[in-house]
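Colleague: Quick mapping for you: the protein sequence lines, in order, are chains Z and Y. Per our numbering, the very first residue in the first sequence carries number 1; after that it's consecutive. Per our numbering, the very first residue in the second sequence carries number 1; after that it's consecutive.
Keep in mind the hints are simulated off the structure, nothing from the lab. Note that the Cβ used here is the ideal one computed from N, Cα and C, for glycine as well. A hint or two may mislead.
[Unchecked claim] Only pairs whose alpha carbons sit at most 30 Å apart, straight line, appear in this in silico DSBU-like list of lysine-lysine:
(1) Z:Lys-68 x Y:Lys-78
(2) Z:Lys-42 x Y:Lys-78
(3) Y:Lys-57 x Z:Lys-71
(4) Z:Lys-42 x Y:Lys-42
(5) Y:Lys-83 x Z:Lys-68
[What the hints assert, rightly or not] So, partial list: chain Y residues that the calculated Cβ filter (under 8 Å) puts toward chain Z:
(6) Leu-30
(7) Tyr-31
(8) Phe-65
(9) Gly-106
(10) Ser-107
(11) Gly-108
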Amino acid sequence: GESVGLHLPTLSVQEGDNSIINCAYSNSASDYFIWYKQESGKGPQFIIDIRSNMDKRQGQRVTVLLNKTVKHLSLQIAATQPGDSAVYFCAEIATGNQFYFGTGTSLTVIP
Amino acid sequence: EPEVTQTPSHQVTQMGQEVILRCVPISNHLYFYWYRQILGQKVEFLVSFYNNEISEKSEIFDDQFSVERPDGSNFTLKIRSTKLEDSAMYFCASSGQGANYGYTFGSGTRLTVV
């Protein structure tokens, strides 16, 4: 079946620095990807999405990069703030409407 | 901003009991989903529901589970006879015309089976 995984389980950054969170996926047929943020005790919160016909998409302080050649997705957070501390998941859809989630990267922002 | 609402936020039940987890999806959404997250593990798909029937389900979603849209606003997940390993966060989600349209998660119900 599909496999979505993250390279690093934890990441610590200084407040104000940029963060990069990586994700690998295995299904080359996946055509839609979302990055989610999950704070303790809460549900996944949408951050940004990207379709497979794009290789970059920017939002407010966030950028997602998609490299289909190596099946790699990354989330860049600019000027990381303490409120960005959370677990970040990438999720993919290949067929149907179900997302496959990675195991998550825990981001800690050091003030 | 529209939200997916789940109740209760925390449910404790005895092993073997039936539980019903409730969700109110976003009002103009057409697709509804349940996911679960065992503590410390990744979010896993359970089932999707469209046009009053199950459209996809995972191997986790066995005969112990059922879903229902009893009226125009609620979407429920029933676990018939709970087991200890059913303890998890259960997330409801909804989307518009498909996964690419406003896929939104609720805050979850923490189910503890004792």
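Colleague: Does the structure break any of the earlier hints, and which numbers would those be?
Modeller: Going through the list in order, the structure violates hints 1, 5, 6 and 8 and respects the others.
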